[in-house]
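Once you've looked at the hints, dock chain V against the given chain L.
Single-letter residue listing:
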Amino acid sequence: MRRLGAALLAWPALAFAAGDAANGERLHRSCLQCHGTEVYVPGVKIKTLAALKKETLRWGNSYNPKFSGQEIDDLVAYLNRDFYKLP
Amino acid sequence: MRFASLILLLLPLAAAAQDSGRGRLLYETHCGTCHYERVHQRIKSDVKDLADLRDTVARWASQTKYNFTLDELEEVVAYLNESHYRFGLPPGSRRELIYGAELMSDQELDDYRARLAGAPSDQAQSRIRAQHRERIRERAKGRGVQIAEPLGTVRR
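Same order as they appear, the protein sequences are chains L and V.
First residue of the first sequence? That's 1 in my numbering, and the numbers climb one at a time after it.
First residue of the second sequence? That's 1 in my numbering, and the numbers climb one at a time after it.
No lab work stands behind these hints: they were computed from the structure.
Computed from a predicted model, the values in this text were never measured in an experiment.
Ideal placement from N, C-alpha and C gives every residue a C-beta, glycine not left out.
Do not rely on the hints blindly, as some may be mistaken.
Computed, partial: chain V to chain L, Cβ under 10 Å [as the list claims (entries may be wrong)]: (1) Y36; (2) Q41; (3) R94; (4) R95; (5) E102; (6) M104; (7) D110.
Some chain V residues flagged as far from chain L (calculated, every beta-carbon gap over 12 Å) [claimed, not checked]: (8) E37; (9) V47; (10) A51; (11) R59; (12) T69; (13) L70; (14) A78; (15) N81; (16) S83; (17) E96; (18) R127; (19) R137; (20) A140; (21) K141.
With the rest of the complex left out, here is chain L (with noise of 0.2 Å):
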């Protein structure tokens, strides 16, 4: 019973980070068209999964169309697994 609390706790953490890194990296094309991914440094601007989070959101919403929720979900999911390897 303590297990199954531990997993329905670690369950907004999970659903957090749920994001199709392979749509996200055909996504980021957009992306490729300005910048290399040269830009993407660990540990200096972007230290947390909330940080990189809310940078991607602002970057997403500046495009037409704008990025939706999930296609956000899904850059981070590819930035992460890819660059930032944030916990």
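Frame of chain L; chain V shown alone:
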């Protein structure tokens, strides 16, 4: 064993074919190492039609270390036409970065997107973008700030 290495050799090609084809792979390998795709979004473009695009691709291909066959040149032309220029094709649905978005409110961004979506033609969209750039430059000037211009077109 030989069969396995053949599969390994063919894997990248198969992956590219599922996406936008071999033209994209050739472009990314031989052109994308020197410049970003942003070069294909210039407002005052020298490329006015498919013939211009063919000439330009052939001219720049000769600057790379790779010897393109005529078929390969045509594949790159097809990729670029599909992804950027769209001569003889219906308008695409590529995502664009909104100029000076950091100086706009969420409401203004939504309004601008809606105006672009409601434009009756490519020319009308171009006019809306041009007006927008003027307005945002004025705003930046008034606030004494610099608009975050995207990085250059050339890879360092």
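Against which earlier hints does the structure fall short, listed by number upward? 8, 16 and 17
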